[in-house]
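**Student:** Sequence lines, in order, name chains A, B and C.
Here the first sequence stands for residues 61 to 345, where the numbers follow our numbering.
Here the second sequence stands for residues 82 to 240, where the numbers follow our numbering.
Here the third sequence stands for residues 12 to 814, where the numbers follow our numbering.
Some hints here could point you the wrong way.
[Claimed, not checked] A few chain C residues that face chain A, going by a derived Cβ cut-off under 8 Å, partial list only: (1) Ser-297; (2) Gly-631; (3) Thr-664; (4) Trp-704; (5) Asp-730; (6) His-733; (7) Glu-788.
[Unchecked claim] On the chain B side, residues computed to face chain C include the following (Cβ under 10 Å): (8) Phe-94; (9) Thr-117; (10) Asn-118; (11) Cys-121; (12) Thr-123; (13) Thr-155; (14) Gly-158; (15) Gly-181; (16) Cys-183; (17) Asn-198; (18) Arg-216; (19) Thr-218; (20) Ile-223.
For the record, the hints were derived by calculation from the structure and aren't laboratory data.
Glycine included, every Cβ here is placed at the ideal spot set by N, Cα and C.
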Amino acid sequence: MIPAPFEYVRVGSVDEAVDALSEHGEEATLLAGGHSLLPLMRLRLAVPEVLVDLGRVDELRGVRDAGDHLAVGAMTTHHQVMSDPLVREHCGVLAEVTGEVGDPQVRHRGTIGGACAHGDAAGDHPACLLALDATMVARDPGGTREITAADFFTGIFETALAPDEVLTEVHLPKLDGSWGFDYQKFQRVKQAWAIVGACALVRREDGRIGEARVGLTNLGSVPVRATGTERLLAGAAAEPDALREAAAQAAEGTQPPTDSNARPDYRRHLARVLTLRALQNSLAS
Amino acid sequence: MPRISVNVDGTAFTDEVEPRLLLVHYLRDRLGKTGTNIGCDTSNCGACTVVMDGLSVKSCTVLAVQADGSDVTTIEGLADDGRWHPLQKAFHTEHALQCGYCTPGMIMASVGLLADNPDPSDEEVREGLEGNLCRCTGYQNIVKAVRTAAAEMHEGATR
Amino acid sequence: MTDVAERSEANVGRVLHRKEDAKLVTGQSTWTDDIQLPGMLHIGVLRSPMAHARLARVDVAPALEQPGVVAAYSGADLADEWVMGLPCAWPVTEDMVAPDHWPVATDEVRFAGDTVAVVVARDRFSAADALEHVDVDYEPLEPVVDMEEALRDEVLVHSEHGTNKCFVWPLETGDVDAAFSGADVVVKRRYIQQRLIPNAIEPRAVVVDPTTASGEYTLYSATQVPHFVRIQMALVLGIPEHRLRVVAPDVGGGFGSKLNVYAEEAIALAVARRLGRPVKWTETRSENYQATIHGRDQIQDIEIAASSDGVLRGLRIDLKADMGAYLQLLTPGIPLLGAFMYCGIYKMDAYSFTCTGVFTDKTPTDAYRGAGRPEATFAIERIMDDLAAELGVDPMELRRRNWIQHSEFPYDTVAGLTYDTGNYEAATDRAMELFGYDELRAEQARRRESGDRVQLGIGISTYTEMCGLAPSRVLGSLRYGAGGWEAATVRLLPTGKVEVVTGISPHGQGHETGFSQIAADALGVDFDDVDILHGDTRVAPTGLDTYGSRSLAVGGVAVHKAAERLIDKMRRFAAHELEAAEDDIEFDRGTFRVRGDPDSSTTIQDLSLSVFTAHDLPEGVDPSTAAEYVFDPENFSFPHGTHLCAVEVDTDTGAVHVRNYTCVDDCGTIVNPQLVEGQIHGGITQGMAQALWEEAIYDELGNLTTGTIVDYYVPGAPDVPHFTTDTTQTPATTNPLGVKGVGEAGTIASTPAVVNAVLDAVRHLGVDDIRMPCSPERVWRAVHDAGQQTGQDLSDDTAGGRL
């Protein structure tokens, strides 16, 4: 319940944050909303020596329209993302998925950047951002780089971020009205992590499916795309049989984890069922 | 040690705190505001919920240093000059508490919920309180109480 | 019962909002952790990360060097503090194996969470930090985690005893062999009662305030049982009982987990005695999962024999009960509370029950809401459904054929109890009507016929339970270490206000409200003029505390009896004051009157002041306006009811959605309907949680893998359905109030109702068992394995498909 002692550094800008990380190296950890980090620190499963608090970095908060995409500041809270008019208009799926994260109190403090940087394949954000082909923007002393969601999530609680790198923004595509979406989160109780989640995005095109993207939660050490499903649906008729056939491929190539809620075969099965439901609802939405 | 200024239940406090001090420990151990309880160590139970700058938060998952400059309302600051908040009244009349340990957090989460949605359905109340665990009541009377309070607040607002 | 009816016009029987609430809704309550004393030190307890190991070395010296640390102790350092180990007050058999259980382990640790060392620091932060600096060499020993493996005695929890078998306890009535050999149908099943973690939302906490110069100690503890704690701590620490005061301040739920005497209470007293300083220990939730007792954890092998027309003949139970690593206060007795309940509400010729207690390297088990009775009720209610399926009859019809008819009470059951009253017909008829039983059966048939992806199941539980623990002579015959009486004192104050002192120790039930209603009616005073005092051995020195749905049925009756005794006492003063013979004084709703002279009267409250002044009293009568009564019930009480549950099972995912939960409970005379409803709601939720969500899981090394609330699924508001509840009132005949108790009923009833519903939804697919909790994976696998559905069968029908 009581974290180990640490040095606290409050920064006022991204540059200061980058400087602090450079100075303290791997001993330093960034504090965003703290809703993944602080519980781990209280159980002393995370013991950072230096905590660099991004809470006062105003430039990291908010959503802006960047022309062909939306740029969401890393310190934008889940609550802000869910209720942001730009997100709701152009990227409703993120609003929906964010509403499934934690609980209201968690969403009041937790941030999109923190959820991404935590790199938890059982979290709701990664699969969604993967399906969206979102881009992460990060800054280190050498400058700024962009990392695709596909490259960002690299392992169990691991991301492509270097120790001295600050995730600053998440870039989201603007989706027009031809896209439908749905997130199917399957869990034991409402507070629990997803056993499996399926996030579907479907672009409708003259009664057919122009493009379908499916991101899967908790089906491996990193969030995965149901590529087999996506391939079969590209250009397919928007009909039940086509959806069923495609969803049957959802778990292809995955290596799901085993825990007290599910063995791999059940997780794969759920991936297929939830993918089908997410696709059906996407087409209906 | 960092110095923080926090307004708690209408009183301004300035204190030097160890960075690792959680807001809930600051409230309980430093300010003596023991109305806010601790029920878990994983941010699940919500017993420690307070309203910070208008939003419900779990004070076990906020460092006191993060609350610097904030306005915090705990269960102890909810009544207005001794007059109970409609939620306090409704929890009492609808029997929405038994042991009462989760109640401060449950009520403060409900304050946040009604600020977001002044007229929630049963379902919306249940979803809105998903971050608060009660082991005694089975939640049914809590749902009832929140809706009763919402109705009273609505009546008060339109009168 | 006319006097009951008269009183119910007043307070008993009405909704009165709780007296307890004001402080609780304003944050002004005092939980144990809220107590701050000058100079108070904080205790941290180091716990074993291993399930079984020899403690080769415990070195606290490095911890002592940490900032803020005042003292640190190994088990050996504290060994001379204990006169005896932590007690087990229920040696269920003469030859029961009762291993030593020291508050801090000295040579071996026997479960993950066992106490290894103690640090004492100026604040809780320093204590938490210093725990990381105690050096311990653990020499790993092989753990035994599984009960059946433990019974092979190849790996021993307590090697000095040479066996993991704690006890074997048999009960047999009637000719069991004849019942089975003469039966047309025998159904045999194995049910697993998974291990549960009680999860009172207030973690445990202990504060000790010592006055070492005079040898006096005040122990504040988040406990249900301050009186038990006082006696046992006096014995463990050798503190004279009259020098030890135990206070249960506001206590945030218990559910049996605080019906115990814990190591940390002993440790805090020992440290306070050593250091002469106030000390506090507060449990974290994760610590609670290891260090506070668990519940259930039984294997039930059950066999039922019946004739082809569905008439029950006999029942056989072979029960294995996991004790965990040590015996806590009542550990071995808990499964035996079920021994008398396996026959439920049914008539049969013969019954046999054998319970084997087993040690394993896990957290000790003990009472968890219902304590033995939920397990028994689950087994009989489930096997009634299994038997109905075997016989091809409606499960309610099978129950009707076998239950004790209303006209047959009082009834001596095959397990040896006498059920005083009951009306199973009335409760069931009402429940089926509220539930819409026939309509739901019709919908179920439609869904089955169409092969709907979402199948509907209906579960029944027509339970009874024995509560109001308990008649002392019965407890004695079961070798229980105490009686089951309860004490109350009713005291009129000079200004006419009333203090009621009770030996029960509430922690959320609303006893201050309910007992005020009883006392106000008995004395004819206002509800608001009564205060209930409890939970402090200096205020309420006599009592046996709160557990086993006993508070109202034993403690509430004691209040009523004490009030009547006080009225009799006051009658003498009234006669003196009104200058009439005592026999001519009538008492009605607070007023003494001279029979036949309506103008000559005085109220009991006015009379109190004149007795207080004592200026003019009858000869030889002392000026006391208080009366005590210690009530020892002649029998248990037997609440009952009918719980009906409808679930939708998504056969594609295994997800279970509770669509309708309806129950009608009969807890006898109702003192306050709102309190009853609250107990039922909360009770159902805990029982449903066992059916669907909760399970404490250990890996083969004895690590608790569900070690936080993140992994142990305590249901939240969105997980639980709306309940439809109602009551019937068949007054108990064994106490003057007609009350039975209601604290555990919901939990006892609901688990089988929910599991029966899940099975009923998929039984036609070839499924006859799903282990609890009925998780989606288990349900899906059961359906899948039954061969009726496969992983590739993806129906596109989403109608009604809730996840």
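**Student:** Taking each numbered hint in turn, which are not upheld by the structure, reported in ascending numerical order?
**Tutor:** 2, 6, 8, 17
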